[in-house]
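Line by line, the protein sequences give chains A and B. Residues 1 to 224 (this note's numbering) make up the first sequence, in order. Residues 1001 to 1380 (this note's numbering) make up the second sequence, in order.
Take these hints with a grain of salt, some might be off.
[Stated by the list, open to error] DSS-like cross-link-like pairs, simulated, lysine-lysine; straight-line CA separation at most 30 Å:
hint	chain 1	residue 1	chain 2	residue 2
1	A	K202	B	K1064
2	B	K1304	A	K86
3	B	K1301	A	K86
4	A	K86	B	K1221
5	B	K1241	A	K109
6	B	K1354	A	K139
7	A	K202	B	K1304
8	B	K1221	A	K109
9	B	K1354	A	K109
10	B	K1246	A	K109
11	B	K1304	A	K139
[Said to hold, decoys possible] Have a look at the derived ranges for each label pair, beta carbon to beta carbon:
hint	chain 1	residue 1	chain 2	residue 2	range
12	A	F137	B	T1265	49 to 57 Å
13	A	K202	B	R1060	13 to 21 Å
14	B	P1028	A	E153	47 to 55 Å
15	B	G1358	A	N217	39 to 47 Å
16	A	L218	B	R1208	51 to 59 Å
17	B	R1357	A	A151	31 to 39 Å
18	B	R1208	A	E216	50 to 58 Å
19	A	K86	B	Y1179	30 to 38 Å
20	B	Y1179	A	F137	54 to 62 Å
21	B	F1146	A	E99	46 to 54 Å
22	A	E99	B	M1102	49 to 57 Å
Keep in mind the hints are simulated off the structure, nothing from the lab. In this text, a Cβ means the ideal position worked out from N, Cα and C, and glycines have one as well.
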Amino acid sequence: MADEPKEQQPSPVPAGEKPASGSAPASTPPAKPATASPAGGVPPKPAAPVPPKPPVQLQTPLNNELVGRVRAKFGTALVEAIEDRKQAILTVECTKLAEVSQYLRDEEKFDLLSDLTAVDWPRREKRFDVVLNLYSFAKNERLRVKARAAASEPVPSVSGVWPTANWLEREAFDMFGIVFAGHPNLTRILLPDEWQGYPLRKDYDIIEQDTSWVKENLGIESGQ
Amino acid sequence: MATDTTKDAREKQKTLLGADELVLNMGPQHPSTHGVLRVKLKLDGERVIGSECMIGYLHRGVEKIAEHRTYQQFAPYVDRMDYVAAVSNGLGYCEAIEKLLMVEAPPRAKVIRTILTELQRIASHLLWLGTHALDIGALTPLFYCFREREEILKIFEKYCGARLTTHAFRIGGLQYEAYDTLEKDVERFCKAFESRITDYEELLTQNRIWLGRTKGVGILKAAEAIALGATGPVLRASGVKWDIRKAMPYAAYDQYKFEIPVGTTGDTYDRYLVRMEEMRQSRLICLQAIENIPSGPIMAKVGKVLKPPPGEVYHAIEAPKGELGYYVISDGTVQPYRVRIRPPSFVNLQAFDKMARGHLVADVVAIIGTLDIVLGEVDR
Chain A
1 MADEPKEQQP SPVPAGEKPA SGSAPASTPP AKPATASPAG GVPPKPAAPV
51 PPKPPVQLQT PLNNELVGRV RAKFGTALVE AIEDRKQAIL TVECTKLAEV
101 SQYLRDEEKF DLLSDLTAVD WPRREKRFDV VLNLYSFAKN ERLRVKARAA
151 ASEPVPSVSG VWPTANWLER EAFDMFGIVF AGHPNLTRIL LPDEWQGYPL
201 RKDYDIIEQD TSWVKENLGI ESGQ
Chain B
1001 MATDTTKDAR EKQKTLLGAD ELVLNMGPQH PSTHGVLRVK LKLDGERVIG
1051 SECMIGYLHR GVEKIAEHRT YQQFAPYVDR MDYVAAVSNG LGYCEAIEKL
1101 LMVEAPPRAK VIRTILTELQ RIASHLLWLG THALDIGALT PLFYCFRERE
1151 EILKIFEKYC GARLTTHAFR IGGLQYEAYD TLEKDVERFC KAFESRITDY
1201 EELLTQNRIW LGRTKGVGIL KAAEAIALGA TGPVLRASGV KWDIRKAMPY
1251 AAYDQYKFEI PVGTTGDTYD RYLVRMEEMR QSRLICLQAI ENIPSGPIMA
1301 KVGKVLKPPP GEVYHAIEAP KGELGYYVIS DGTVQPYRVR IRPPSFVNLQ
1351 AFDKMARGHL VADVVAIIGT LDIVLGEVDR
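Take these sequences, add in the hints, and give me the full structure.
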């Protein structure tokens, strides 16, 4: 439902209320009039006044009791607390990650580390987000904790807090090259030890990877 | 602490030269490893004193592939992770993207999804039971299990044309309307299946060899299971009554009555009992669901081009193996910025070392089986 009016918008009113998706409208308009005009479906569409959609802010600041307690305990180490699609997200200072984790496990009863992963934002100064998805059996609640880390910056390991993190951090190291300080055995887990590069980084070129592999192993110029 | 290095050196020497210890490589071609799992076992005679899982032989970089596909194009890939429970994978993915798009599948689609997913749970557990029993030395259950699994796969085939990697669901609902005799087929299967589970139980539950091979093997206490992040039947057999279908209902699970079976000791036998009971409960869910499939559309109104508003979502479902989570980030374009798949098998496998220590090599086979791992999902 949300998508249909959006697709029609470019032809009647170039409202331009979405400056972020610059490339997207550019690709849709040429296709739209071409198909719409022979069908004769054009007149009804401008007639129906498309209500200008209020810009929906999906990421809203979160300020519940949990956030209050974390803020009281850690102060500025809690960088940001937001809610996205009803899911709570806390961003904490990278250096404080282990302490915050310990607190969340012991005091706030987030005893299950569902998942630990990372996201690469190469244009940002601190390019990595280390993302922890926590769950509390007592509260039946999920919480996401993020820490931003620069490429060379070691992230405190939380494997001492949740032993689950052992393999999950190894995977994040394997795929992103994030170094977790204090990890008992930080080696590659899915890829071979001699692998070059970190595949889930955004600047990891899969074509380049393929080409160098076929050159080395098959002696041909390109596998494509 | 200061003697760490010398201790390490001594350890190394012991491994290389000591007559009382042996390092044994099990797999990746070992039939009991259910795929390409390689386990490095450190043995003292027949006893396991340490282990290390070497994984990644089946790594395909699914998460990287996702960043180069549109949301719809990526959907078939998730079927290839846990390839014996493709329907569950698809459900998790579709629901995650629906959450990201802030749309909801229509009630009819939800119910049909629930029926197929529960059938898939039974099929997955049947495959586990057959192979697990085979590993331990009981040959007969395998044939029975595959006979019933076949019936389920036939239903899938009738519904969407595929048996294994079904791609049964679409983002926003379903592509295919339920075929005419779906309810009847499911009902017939469920009616017959009740006595079939009893048959399996007659073969195994009181079987002395089965008891000897599974009781007290691979014990995982509740606190350990939680600390290691184990989910699904592995966690429940340790006595933690947690099932995402109840805790955070998705699809149409909030409409049906079912029990969450839990174990007490967390050994291999308990995990067996929990999964057996889960099959019974899944059967009940299917029977309740076919009684009243709401009419109406099967597809929510989603555009042909999916561009979820920027943001992120984590959505987890109770797959047959445990918590299957999708963490998806949208940057507002047609391709996901990041798709992270939280695989239950991968995390559960981490408990292997804890469970295997102190047991015999033969028990390692039972422990791998009881974890119910699928390497396609471990390695992704």
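For each hint, the structure was consulted:
1. Between A:K202 and B:K1064, the direct Cα distance comes to roughly 9 Å. Compliance with the 30 Å bound is thereby established for this hinted pair.
2. Among the hinted pairs, B:K1304 with A:K86 is consistent with the structure: their alpha-carbon atoms are about 26 Å apart, no more than 30 Å.
3. The suggested pairing of B:K1301 with A:K86 holds, with an alpha-carbon distance near 22 Å, which does not exceed 30 Å.
4. Between A:K86 and B:K1221, the direct Cα distance comes to roughly 33 Å. Violation of the 30 Å bound is thereby established for this hinted pair.
5. For the proposed pair B:K1241 and A:K109, the alpha carbon gap of about 16 Å is at most 30 Å, so the pair holds.
6. Annotation: proposed proximity of B:K1354 to A:K139 holds, straight-line Cα distance about 28 Å (limit 30 Å).
7. Note on A:K202 and B:K1304: the hinted pairing holds, with a Cα-Cα distance of about 27 Å set against a maximum of 30 Å.
8. A C-alpha spacing of about 18 Å is found between B:K1221 and A:K109, which places the hinted pair at or below 30 Å, so the restraint holds.
9. Our distance criterion of 30 Å between C-alpha atoms is met by B:K1354 and A:K109, whose separation comes to about 24 Å.
10. Distance check on the hinted pair: B:K1246 and A:K109 sit about 19 Å apart at the alpha-carbon level, within 30 Å; holds.
11. Restraint check for B:K1304 and A:K139: the C-alpha separation of about 39 Å exceeds 30 Å, so the hint is violated.
12. At about 20 Å, the CB distance of A:F137 to B:T1265 disagrees with the hint of 49 to 57 Å.
13. Roughly 19 Å separates the CB atoms of A:K202 and B:R1060, a value that falls within the hinted 13 to 21 Å.
14. At about 36 Å, the beta-carbon gap between B:P1028 and A:E153 misses the expected band of 47 to 55 Å.
15. Between B:G1358 and A:N217 the Cβ separation comes to about 43 Å, which falls inside the hinted range of 39 to 47 Å.
16. For A:L218 and B:R1208, the hinted distance range of 51 to 59 Å is satisfied, since their beta carbons lie about 56 Å from each other.
17. Checked against the given bound of 31 to 39 Å, the beta carbons of B:R1357 and A:A151, roughly 38 Å apart, stay inside it.
18. As the Cβ distance of B:R1208 to A:E216 is approximately 57 Å, the hint placing it in 50 to 58 Å holds.
19. Checking the proposed 30 to 38 Å range against A:K86 and B:Y1179 shows it holds: the Cβ atoms sit about 36 Å from each other.
20. The beta-carbon spacing between B:Y1179 and A:F137, approximately 40 Å, falls outside the hinted interval of 54 to 62 Å.
21. Look at B:F1146 against A:E99: about 52 Å separates their beta carbons, and that is inside 46 to 54 Å.
22. The beta-carbon spacing between A:E99 and B:M1102, approximately 35 Å, falls outside the hinted interval of 49 to 57 Å.
The structure does not agree with the numbered hints 4, 11, 12, 14, 20, 22 stated previously, though it agrees with the rest.
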